[in-house]
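**Student:** The primary structure of each chain is shown beneath.
2 protein chains.
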Amino acid sequence: MKNIMARPINVFSTKPSPLSTWVVILVLCILGFYAVYFPRSNAPFPTPLNSSNLQTLFLSTSSNSTIASYLRALTLHPHLAGTEPAADTTRYVLSHFTSLGLQTHTATYRALLSYPLSSSLTAHFSDGSSVDLPLTEPAGGPGVVQPYHAYSPSGSVQARVVFVNYGREKDYRELGVNVSGCIVIARKGGEFGRGAVVETAEKNGAAAVLIYGDGETWRNGFERGNVMRGIGDPLSPGWAGVEGGESLGLEDSEVLKRFPKIPSMPLSAEVADSILSSLGGAPVPLEWRGALRSKVSHVGPGPTVLNFTYQGEKKMATIQNVFAVIKGSEEPDRYVLLGNHRDAWTYGAVDPSSGTAALLDIARRYSILLGLGWKPRRTIILCSWDAEEFGMVGSTEWVEQNLINLGSKTVAYLNVDCAVQGPGFFVGSTPQLDSLILEVTKKVKDPDSEDVSVYESWAAADGGNNIQRLSGVDSDFASFVQHAGIPSIDIYYGRDFPVYHTAFDSYNWMAEHGDPFFQRHVAVTGVWGLLALHLADDSILPFNYVSYANELQLYNNRLSNLLDQKTSLHPLAMSIQEFAFAAKEADDELKKLRLQETADCSVDMRKRALNDRLMLVEKGFLDADGLQGRQWFKHLVFGPSSDHERLNFFPGISDSFTRSTSISEGERVAAIQHEVWRVSRAIHRAASALRGEFT
Amino acid sequence: MKNIMARPINVFSTKPSPLSTWVVILVLCILGFYAVYFPRSNAPFPTPLNSSNLQTLFLSTSSNSTIASYLRALTLHPHLAGTEPAADTTRYVLSHFTSLGLQTHTATYRALLSYPLSSSLTAHFSDGSSVDLPLTEPAGGPGVVQPYHAYSPSGSVQARVVFVNYGREKDYRELGVNVSGCIVIARKGGEFGRGAVVETAEKNGAAAVLIYGDGETWRNGFERGNVMRGIGDPLSPGWAGVEGGESLGLEDSEVLKRFPKIPSMPLSAEVADSILSSLGGAPVPLEWRGALRSKVSHVGPGPTVLNFTYQGEKKMATIQNVFAVIKGSEEPDRYVLLGNHRDAWTYGAVDPSSGTAALLDIARRYSILLGLGWKPRRTIILCSWDAEEFGMVGSTEWVEQNLINLGSKTVAYLNVDCAVQGPGFFVGSTPQLDSLILEVTKKVKDPDSEDVSVYESWAAADGGNNIQRLSGVDSDFASFVQHAGIPSIDIYYGRDFPVYHTAFDSYNWMAEHGDPFFQRHVAVTGVWGLLALHLADDSILPFNYVSYANELQLYNNRLSNLLDQKTSLHPLAMSIQEFAFAAKEADDELKKLRLQETADCSVDMRKRALNDRLMLVEKGFLDADGLQGRQWFKHLVFGPSSDHERLNFFPGISDSFTRSTSISEGERVAAIQHEVWRVSRAIHRAASALRGEFT
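Chain order of the listed sequences is U and G. Each residue of the first sequence is one higher than the last, beginning at 1 in the UniProt record's numbering. Each residue of the second sequence is one higher than the last, beginning at 1 in the UniProt record's numbering.
Bound-form chain U, shown alone (with noise of 0.2 angstroms):
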């Protein structure tokens, strides 16, 4: 060997040496080495697309104006789901994803929705006068639907009138008065949601029910929305209403249980207010008077009766959702969900609008990036819902059919509904999104004042950086945290607008009142859209559940001050000191990781299994059974409780509370233990499903 190493030679000698021969080798497997690890990549040069200048680029692509166009094209018309020009607004949506270049497809339905015919409202006074209250709103244009509850049965009733304050049970304990055959009159407010009115008035033996808006302005608009129980379509509860699929009857008991037995209707604050001034009977409880605009001095009942009568129909329409898919590069089975819905109550364009604009507008900023080069690690999804007005329905016909690869595939589902409805940023999520979406708000330019980021205004509100929780029906993510378990996040700047369903709900009043210089939906899109780039890129997943841990910690002490000594929270202490443990385990597993250089095939695999145990967990805290007797609400952390303003957590455990009342002492305390264990049992699933080991 030696020898021949030390043999001076040429290697561009026409007899090749056995060196030259294995120097020439080396190169051709030197580059051939290159040309398998290191594949031509499509990024421009020079600069290749990391995250970081990605998520430079994206924030550099925004455009406040074109934002607005988009407003404006969507709020020409109204756009009530299952009619005509809505159908116009579907294909406005698919074309612009479309004409960007992006991977479109729609998923339709056949759901039972609900319209007005006709109605009417005669008071007749003490004096022997009466008069015909007006149903509609100046502002009605043409193809505005009439002021109506959808799903309210149709109905004639004369009767007298008494004022139940917000309508709650409280508020009819401290009323004291028998409002049975009555006409009740409702203000909204609060947590407490247009269904519940509805329902607490039918137990208390109304004969129907009408709700007003107490607000400072707009007092002439009429609120619409749906009195529906339960979300998703009637016909088809738990499984998608396709076409050819089982529907059941409209007589079925599944399906009777979800609409009120007393019609309801809208009205305005004008239209109450000269109703109420007219009432005699016992004076305005003390405690009602506080926040009480209306000129009421008196509850009733009566002497004004009133004659109101409601006309609808239910029937069966088409829905549409519209997709556009943007591919992953190397987890394309792994999805991130930004999801908005499309249909309005009226011109709709706080609700749902200026969260469609925002959609749009991520679109074509996408569109812009992958232009560039960029291709997202995970695949990305932009979701517009229909008739979410009617009970979240296209959403939830969609996570039905989809239930399966929702469960095991989907990274997070990240929902816009009311994008702007004034100033000031809000956001509810689940916990383990806490950290991202501090992390992205620092940022993104606050809308209102300068050099300041959205975290650091929202800080400075009245109640720092809030971030609220998922428990309530309000929107498109209901169905994927409450039935799929899926990590959510729901983003909208200001709360509680004034026209609120209402025709007033215009481009002109956004342009006018909610976001005058269209920034407030420049942020709205840039914290949608980094946190989309983020759980879409990252090769580690950006879960946090330290932070879930110190929520459900939170819980456990809350709920400890609300219950007697009867009942043991010794099985949830132990539970969420499992869950911590376990969070804290991965959160290291977790940092040791990212540190990894992702060449490497079995670095890879590991991101992915750790991946796949933080998308898991979740889904731990489902529970086959669900909420009793609601079933469908699988979640045992986040949902709809029937003592709502109590507990906005635990919701069986809340319900057991209520449910409790009519029952023996041994009884209550032996439900509201079972459910105790029921949610330790869910935090115990979700930690080993962060654990993701066997016992």
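Take the hints with a grain of salt, since some may be wrong.
Under the rule of at most 20 angstroms between Cα atoms (straight-line distance), these lysine-lysine pairs were calculated in the PhoX-like manner [what the hints assert, rightly or not]:
id, chain 1, residue 1, chain 2, residue 2
1, G, 607, U, 607
2, G, 607, U, 327
3, U, 261, U, 327
4, G, 566, G, 584
5, U, 607, G, 327
Now the stretches of chain G that chain U is said to cover, found in silico as 3 or more residues with beta-carbon under 8 angstroms [as the list claims (entries may be wrong)]:
id, segment
6, 153-161
7, 201-212
8, 402-409
9, 448-456
Rather than coming from a laboratory, the hints here were simulated on the basis of the structure. Note that CB positions come from ideal geometry on N, CA and C, so glycine has one too.
Place chain G on chain U using the hints.
**Tutor:** Below, chain G without anything else, positioned relative to chain U:
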């Protein structure tokens, strides 16, 4: 450049030229490259372990004498679940695993088991004579539990006797005798289980039930067994009965409904004969006489009167599952489970120790492979379950506790209970595993004939290569298939052995009758071990959904023959069509991907993604609401139906037939149609899991 290249160089010159430096760098690169991409393997040179020589190697390590020695050790004493001798068996299995250097752990539960205290049976004949009948076996040595039915209530009954054949509903109809208040005697037979016999007797008003095995031989044996409804610990239905966990009270309605209300006992055929031969009343119906060995000519009631007493106790016992874990190298978070129960009614040579011996031998043979450098791609877990005889308690509690990880990470569960009962290969499986079973049985030698594979002699047997389905609840696969939706297999040699659950189920019986040369044990172990090697090592899972689709089509045809025109099977046909299409697509994709070399990370990732889909499909057949009235059973294709003889698939549909007898024709049809819809949607879910795409 040319000059330099042309210049003669000496790679060992003290002052290295650029080229020499370059060459040295190249060498280092290459070495580094190899070091990184081909780390030192533990495989013994010269041959690295590839899948084919690995299998040959595995087969070559078989040893009938070793298995025999394991069985000898396991059957030295009875090992009834919850007793001290059983704890010795637990230690024996655990120490076997650890002595092989395998990583082990145990999972401990507290469950409600049931034991006898005393029993007596006296017959009073018409001639005034009476006799105390023996309720023990000659073979019953020290520690053998007296014959009883676990979970039978205690009770004392004096009543006339009626013979009810197999004790099925149809038998009572054919009998035409009112049995209310009587003690009924039934012979064990066919598909109709012990629990069902007791339940049907109870429905028909009997005061007590005595069940005997009408076999040709060992007519002095008593068949022990449990008569509980449902499976798993009755005090923790749906969750794991862990120390300190929630445990329902014995008087809880959920618990009470699990137990019969009338006492029951096993009888030997001898004892049964002495009673039955003395009966008067109507003659035994013709159609019962065929396979009837007992000396019974009349069915009663009486004149013989029995005085029957049983005293038992239900008490909390500690049970332990034992696990040996072989961690996967590339996909440690994917699991292949091999399971067998360890507890026995008596010595349990066949049931289950023949399977336990096989499991211990698998451990021995796998540890040899590990010593030779084998590293399975996925994790393999050997599972030794406790308290199966009391209703699959050990495996069910474990499945309930690990449901979330099982569902997302388990490739398959391979069960062996009574490994050898006699001659002839038998297997049951979920249909995606059919092809693998056929392939593997071709590689294993038939134990009873020369130069023939298991496959060939199995093919020659009547029924050919018949693969049963896993709708029964008679072994530990039940929870895996019917609650968790895990692809599963169940393997055994021989069937219906005469000493089933008697004190005669001993090592001697096995050595003299069951498997004198222990070659059948070797065959079972070979098939079991090879199946697991494929499932753990094949880079793409050996699942074939085309056979699943064919099986479903078969069910559809059988169903259509049973149903009248009023029910539409169109939805079912459509869903099966969609599933078949998805199966074909997946099969093509799978074949393409198999050809691709795995050194490439992206190919690895694509294979993992495909495997994820292949694993998910079975979960599609699960329905959160489960079977009506037995919601714990979630699988809508395979599960126990109330009318097993008519349909052993689609249990929900089958139930709707039997339930439907008590309701109106319209409701009957609607109920059946609704169940057809549910199954159709389940098949759609499975298809979409296989396609892996959203609608």
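**Student:** Now look at each hint and say whether the structure bears it out.
**Tutor:** Here's how the hints hold up against the structure:
no., hint, in the structure
1, 607/G with 607/U, "holds, 16 angstroms"
2, 607/G with 327/U, "holds, 18 angstroms"
3, 261/U with 327/U, "violated, 47 angstroms"
4, 566/G with 584/G, "violated, 32 angstroms"
5, 607/U with 327/G, "holds, 18 angstroms"
6, 153-161, "violated (count 0)"
7, 201-212, "violated (count 0)"
8, 402-409, "holds (count 7)"
9, 448-456, "violated (count 0)"
Hint compliance for this structure: hints 3, 4, 6, 7, 9 are not met, and every other hint is.
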